[in-house]
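Enquirer: Generate the whole structure from the sequences, applying the supplied hints.
Now for the letters of each chain:
There are 4 protein chains.
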Amino acid sequence: MIILIQCKDRVGLVAAISGLMAQKNINIVSMREFVDIEAKQFFARLVCEQNRDPEILLSDLHLVLPENALIKINPEPEKKIILFVTKEYHCLGDILVRHHFKTLGAQVQCVIGNHDVLADICGRFGVPFFLITHEGKSKEKFESELLAAIKKYPNDYLVLAKFMRILSPAFVELFPMQIVNIHHSFLPAFAGARPYMQAYKRGVKIIGATAHFVTNDLDEGPIIEQQIIPVDHTYNITDMISAGKEIEKAVLAKALKMLFEDRVFVYNNKTIVFD
Amino acid sequence: MIILIQCKDRVGLVAAISGLMAQKNINIVSMREFVDIEAKQFFARLVCEQNRDPEILLSDLHLVLPENALIKINPEPEKKIILFVTKEYHCLGDILVRHHFKTLGAQVQCVIGNHDVLADICGRFGVPFFLITHEGKSKEKFESELLAAIKKYPNDYLVLAKFMRILSPAFVELFPMQIVNIHHSFLPAFAGARPYMQAYKRGVKIIGATAHFVTNDLDEGPIIEQQIIPVDHTYNITDMISAGKEIEKAVLAKALKMLFEDRVFVYNNKTIVFD
Amino acid sequence: MIILIQCKDRVGLVAAISGLMAQKNINIVSMREFVDIEAKQFFARLVCEQNRDPEILLSDLHLVLPENALIKINPEPEKKIILFVTKEYHCLGDILVRHHFKTLGAQVQCVIGNHDVLADICGRFGVPFFLITHEGKSKEKFESELLAAIKKYPNDYLVLAKFMRILSPAFVELFPMQIVNIHHSFLPAFAGARPYMQAYKRGVKIIGATAHFVTNDLDEGPIIEQQIIPVDHTYNITDMISAGKEIEKAVLAKALKMLFEDRVFVYNNKTIVFD
Amino acid sequence: MIILIQCKDRVGLVAAISGLMAQKNINIVSMREFVDIEAKQFFARLVCEQNRDPEILLSDLHLVLPENALIKINPEPEKKIILFVTKEYHCLGDILVRHHFKTLGAQVQCVIGNHDVLADICGRFGVPFFLITHEGKSKEKFESELLAAIKKYPNDYLVLAKFMRILSPAFVELFPMQIVNIHHSFLPAFAGARPYMQAYKRGVKIIGATAHFVTNDLDEGPIIEQQIIPVDHTYNITDMISAGKEIEKAVLAKALKMLFEDRVFVYNNKTIVFD
Numbered sequence: 001m002i003i004l005i006q007c008k009d010r011v012g013l014v015a016a017i018s019g020l021m022a023q024k025n026i027n028i029v030s031m032r033e034f035v036d037i038e039a040k041q042f043f044a045r046l047v048c049e050q051n052r053d054p055e056i057l058l059s060d061l062h063l064v065l066p067e068n069a070l071i072k073i074n075p076e077p078e079k080k081i082i083l084f085v086t087k088e089y090h091c092l093g094d095i096l097v098r099h100h101f102k103t104l105g106a107q108v109q110c111v112i113g114n115h116d117v118l119a120d121i122c123g124r125f126g127v128p129f130f131l132i133t134h135e136g137k138s139k140e141k142f143e144s145e146l147l148a149a150i151k152k153y154p155n156d157y158l159v160l161a162k163f164m165r166i167l168s169p170a171f172v173e174l175f176p177m178q179i180v181n182i183h184h185s186f187l188p189a190f191a192g193a194r195p196y197m198q199a200y201k202r203g204v205k206i207i208g209a210t211a212h213f214v215t216n217d218l219d220e221g222p223i224i225e226q227q228i229i230p231v232d233h234t235y236n237i238t239d240m241i242s243a244g245k246e247i248e249k250a251v252l253a254k255a256l257k258m259l260f261e262d263r264v265f266v267y268n269n270k271t272i273v274f275d
Numbered sequence: 001m002i003i004l005i006q007c008k009d010r011v012g013l014v015a016a017i018s019g020l021m022a023q024k025n026i027n028i029v030s031m032r033e034f035v036d037i038e039a040k041q042f043f044a045r046l047v048c049e050q051n052r053d054p055e056i057l058l059s060d061l062h063l064v065l066p067e068n069a070l071i072k073i074n075p076e077p078e079k080k081i082i083l084f085v086t087k088e089y090h091c092l093g094d095i096l097v098r099h100h101f102k103t104l105g106a107q108v109q110c111v112i113g114n115h116d117v118l119a120d121i122c123g124r125f126g127v128p129f130f131l132i133t134h135e136g137k138s139k140e141k142f143e144s145e146l147l148a149a150i151k152k153y154p155n156d157y158l159v160l161a162k163f164m165r166i167l168s169p170a171f172v173e174l175f176p177m178q179i180v181n182i183h184h185s186f187l188p189a190f191a192g193a194r195p196y197m198q199a200y201k202r203g204v205k206i207i208g209a210t211a212h213f214v215t216n217d218l219d220e221g222p223i224i225e226q227q228i229i230p231v232d233h234t235y236n237i238t239d240m241i242s243a244g245k246e247i248e249k250a251v252l253a254k255a256l257k258m259l260f261e262d263r264v265f266v267y268n269n270k271t272i273v274f275d
Numbered sequence: 001m002i003i004l005i006q007c008k009d010r011v012g013l014v015a016a017i018s019g020l021m022a023q024k025n026i027n028i029v030s031m032r033e034f035v036d037i038e039a040k041q042f043f044a045r046l047v048c049e050q051n052r053d054p055e056i057l058l059s060d061l062h063l064v065l066p067e068n069a070l071i072k073i074n075p076e077p078e079k080k081i082i083l084f085v086t087k088e089y090h091c092l093g094d095i096l097v098r099h100h101f102k103t104l105g106a107q108v109q110c111v112i113g114n115h116d117v118l119a120d121i122c123g124r125f126g127v128p129f130f131l132i133t134h135e136g137k138s139k140e141k142f143e144s145e146l147l148a149a150i151k152k153y154p155n156d157y158l159v160l161a162k163f164m165r166i167l168s169p170a171f172v173e174l175f176p177m178q179i180v181n182i183h184h185s186f187l188p189a190f191a192g193a194r195p196y197m198q199a200y201k202r203g204v205k206i207i208g209a210t211a212h213f214v215t216n217d218l219d220e221g222p223i224i225e226q227q228i229i230p231v232d233h234t235y236n237i238t239d240m241i242s243a244g245k246e247i248e249k250a251v252l253a254k255a256l257k258m259l260f261e262d263r264v265f266v267y268n269n270k271t272i273v274f275d
Numbered sequence: 001m002i003i004l005i006q007c008k009d010r011v012g013l014v015a016a017i018s019g020l021m022a023q024k025n026i027n028i029v030s031m032r033e034f035v036d037i038e039a040k041q042f043f044a045r046l047v048c049e050q051n052r053d054p055e056i057l058l059s060d061l062h063l064v065l066p067e068n069a070l071i072k073i074n075p076e077p078e079k080k081i082i083l084f085v086t087k088e089y090h091c092l093g094d095i096l097v098r099h100h101f102k103t104l105g106a107q108v109q110c111v112i113g114n115h116d117v118l119a120d121i122c123g124r125f126g127v128p129f130f131l132i133t134h135e136g137k138s139k140e141k142f143e144s145e146l147l148a149a150i151k152k153y154p155n156d157y158l159v160l161a162k163f164m165r166i167l168s169p170a171f172v173e174l175f176p177m178q179i180v181n182i183h184h185s186f187l188p189a190f191a192g193a194r195p196y197m198q199a200y201k202r203g204v205k206i207i208g209a210t211a212h213f214v215t216n217d218l219d220e221g222p223i224i225e226q227q228i229i230p231v232d233h234t235y236n237i238t239d240m241i242s243a244g245k246e247i248e249k250a251v252l253a254k255a256l257k258m259l260f261e262d263r264v265f266v267y268n269n270k271t272i273v274f275d
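Residue numbers (the numbering used here), protein chains in the order written: chain A, 1 to 275; chain B, 1 to 275; chain C, 1 to 275; chain D, 1 to 275.
Calculated directly from the structure, the hints in this document are not laboratory data.
Please note that the accuracy of each hint is not assured.
Put simply, identical chains are the same to the list, so a pair is met inside one copy or across any two.
Unchecked claim - Using 25 Å as the maximum straight-line C-alpha spacing, the simulated PhoX-like pairs for lysine-lysine come out as follows:
| no. | residue 1 | residue 2 |
| --- | --- | --- |
| 1 | Lys201 | Lys40 |
| 2 | Lys201 | Lys102 |
| 3 | Lys24 | Lys270 |
| 4 | Lys257 | Lys40 |
| 5 | Lys201 | Lys270 |
| 6 | Lys8 | Lys201 |
| 7 | Lys152 | Lys201 |
| 8 | Lys24 | Lys152 |
Expert: Structure, rendered in structure tokens:
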């Protein structure tokens, strides 16, 4: 049994929670807990040995926790996800293989692409692929078609696995902290077009990737995972892009694993990841 | 206030601890807790906002915890340590600089060397250096001289900062989980003499370092920290040794930081590190 | 045009090679060169802009290089490989996806498994799978069946992508420096059975993987690539194995990329990798 | 004997260089060579076994290389450097220890600080320290005092080892590619004040450091070295700054090693590092 709790911090919270567990004879196998002292916010993830009626436990927990506490008991163990792609296969391929062997921790409901080049591999894994081109359409029209496709399937998360279109604020608002994106990251950051070309011209020595939630608040939402790989002067642009894809694949895989195992909390535009 | 607890696991431990804290109106700022399920052993590290009389709190905690619980309240914030060295300066220099600027988290009481080449730098930092040569002596005689020097100073830990002598089981038994060592590590491991030569001949692509407690149980005690750096075919032996020193310095620094901040527990020949 | 050269070292080798290129008006785009001073062995990899008749260039190169120089001009750009697997999919899946999108740098001729669980995914990518069970057979019989399957396809390399059988010296001798293996690596190394259990019990802080050629000379042949990932006390055995698979996948992918781009030389049981 | 060459690329350069070496019976122990194809620029670093009269070799090399080739033969093996510091000791301490044990590859001529807190440690290592405060002075006055101090010593490089003042374009122009700086780097980059506070608020998962030459062309000159360390939500600002210092120390050390061993070339605002 997994229990997730987020609420205002106050003295005695851990006691209240674990006292209730003890009283109900539930053994806590692992408990990760974090207090954001500035934000006075409390976060906990419990793994317990025994299962109990979640509705009763939920109301009991609410009795001992501050008002408006967010509590999830036994969140869906197999998330349902929809993937958005364009032409690049590296993230999609990795996800599909894990999905196929049932180690993704989520079920890929379908894949939506604004190009058709990835339809073939989806078909090979028996995953529905929908081509929804953005060409010759307004963004409203394009996104309304995306929404129509999304609605056919239950979903917990939309994963932008190298989806090269920017979603409108109106679209993003429909899926708060439910859209995950992966993109390259450089030191220093390069605004504007062709960031790899800029990074190459600048002679960067590392290339990174960031997996994050998509929000409208900032140019980039809460960061879930970041990693880098070293590069050097012998890398031409093609090599840098190739290296970038490897790290994007690894970072998205790690972020999704954390997310699907319910290890990620979000507060004040940043994440707590109990990895 | 820092509280460290290690005891047999049972239902309700976290509740018992945090309940007591709540009752005493002590706010838990952070709590790291881990249960080794196989070993049925419970470990916790609490940081609390308020200070309370440690003796009273200790006896109160014993009342709510299993028999034989190991409890430390406010462990000495500034550990007292004695360094053992031979000729290599890289770990010693790093520790002395941190010591000098009071960011080591420990006070270096003295340095004991079986060679005198490092006496000079100790003097520059005002740290006593004792030359105790092993030459022309039995190991018993050598170690009895070490012990005599050690006894002049209070100490929490002996840090072997590239001390190239093997300590006898009798010596090691006097300082259980109080001796920390750093050494190079390779994949695969190379037994026998001149491990760097073996690693070079074998063409390893990474060189690692391991910081560990010294015990007599195994060829190597509980591991506190391990890191590696990549190397390649252009590294000759000198380059590999040089790279190895950089990683040894970093790994020992990290291990000592964990240790001096009371983040390390030991059980069944392995460590729990709440980093 | 790619040119690979390995020979005894002597004064003037680079001049001899590049002089010939200049004389033939071939521009050297990149030249990686390494001398193993101890072994007095010279290695070079040249990428040139122009293509020339390889037979003429080969004989011209032999004229200016020491006797018995090993020279390859324009090695097959698309290697032909045969994969050996057992039950674990993580390396196979990654290779098949790259193969499918033609970014592997090699053509997977077929997959041979001693279990059938991976037949399905091979079928999905249109790659022939042969089940050759080892059960109820002598090693000779088993390997003769492997050889019969191998012979149906041209091949440059056999890739053991988590193949859990040990190949006999007689088999290995048939494919000198043509068999690549991937396995986990720990610090310290754990001999004997169930290495992950040993690593877990020992509380290792990093888990590595090594890709290497398979030879009979040593317990492990020349290392092509090694990388690690950090783990901690919260990892149980399942977590450690899962982390190990991620790093095995990444290390094998990097090793194969180096190999298929003709960046790997072998000498005296170690590799020179011009990455 | 070390030889550094930078010139326009053309067919036959390697042949010309190595041919001359062969003719003079000089054995090339290692040769690193790189062509920036876009920039049509050639870079080489040779290590040779024999020493020859550098003046004769220089003029001979000029005969076989394109006009305006930059050639250095046996660059000063022990660079002379001047360190600029403010209050933070981590980079300075590391450099002074290496200097003391003669493994820095450079002689620290003196240290200039705009605060006096680091005077003590310089004194302990017998390195002259000059306090030149910026307070109550125009930047012109401040920098003229810096220049007066610099002029007392020969120097190859000025190393800004956490010097917290921005140097004027006029000052920077006096030392082209001779000023090295170290600073933290984040993904994404944070402009404006208090970058660690911004990184903390943003929940970054890695903290990096960049060592680079100081130029006036861009907000940041050619990058020599970059590395990162992982952080997580449990890091408060103090922890992040502390982690940042460790990585700054390591990155500056690596960059200086490359520089002092004459492994760094600069062209078009980026570096070629033959590491």
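Enquirer: Hint by hint, note whether the structure agrees.
Expert: Hint check results:
In this homomeric assembly, Lys201 and Lys40 come within 25 Å of each other (Cα to Cα) only across copies, at 14 Å, whereas the closest approach inside a single copy is 44 Å. Taking the shortest alpha-carbon separations for Lys201 and Lys102, neither the intra-copy value of 42 Å nor the inter-copy value of 28 Å comes in at or below 25 Å. Taking identical chains as interchangeable, the C-alpha atoms of Lys24 and Lys270 are never at most 25 Å apart, the minima being 34 Å within one chain and 33 Å between chains. For a Cα distance limit of 25 Å, the shortest separation of Lys257 from Lys40 qualifies neither inside one copy, at 28 Å, nor across copies, at 27 Å.
For the homomeric pair Lys201 and Lys270, the shortest alpha-carbon distance between copies (7 Å) is at most 25 Å, but the shortest distance inside one copy (32 Å) is not. For the identical chains of this complex, Lys8 and Lys201 are inter-copy neighbours only, at 18 Å across copies versus 48 Å inside a copy, given an alpha-carbon limit of 25 Å. For the identical chains of this complex, Lys152 and Lys201 are neighbours neither inside a copy (45 Å) nor across copies (38 Å), given an alpha-carbon limit of 25 Å. Taking the closest pair of Cα atoms, Lys24 and Lys152 never come within 25 Å of each other, the shortest separation being 41 Å inside a single copy and 55 Å across copies.
Hint compliance for this structure: hints 2, 3, 4, 7, 8 are broken, all remaining hints hold.
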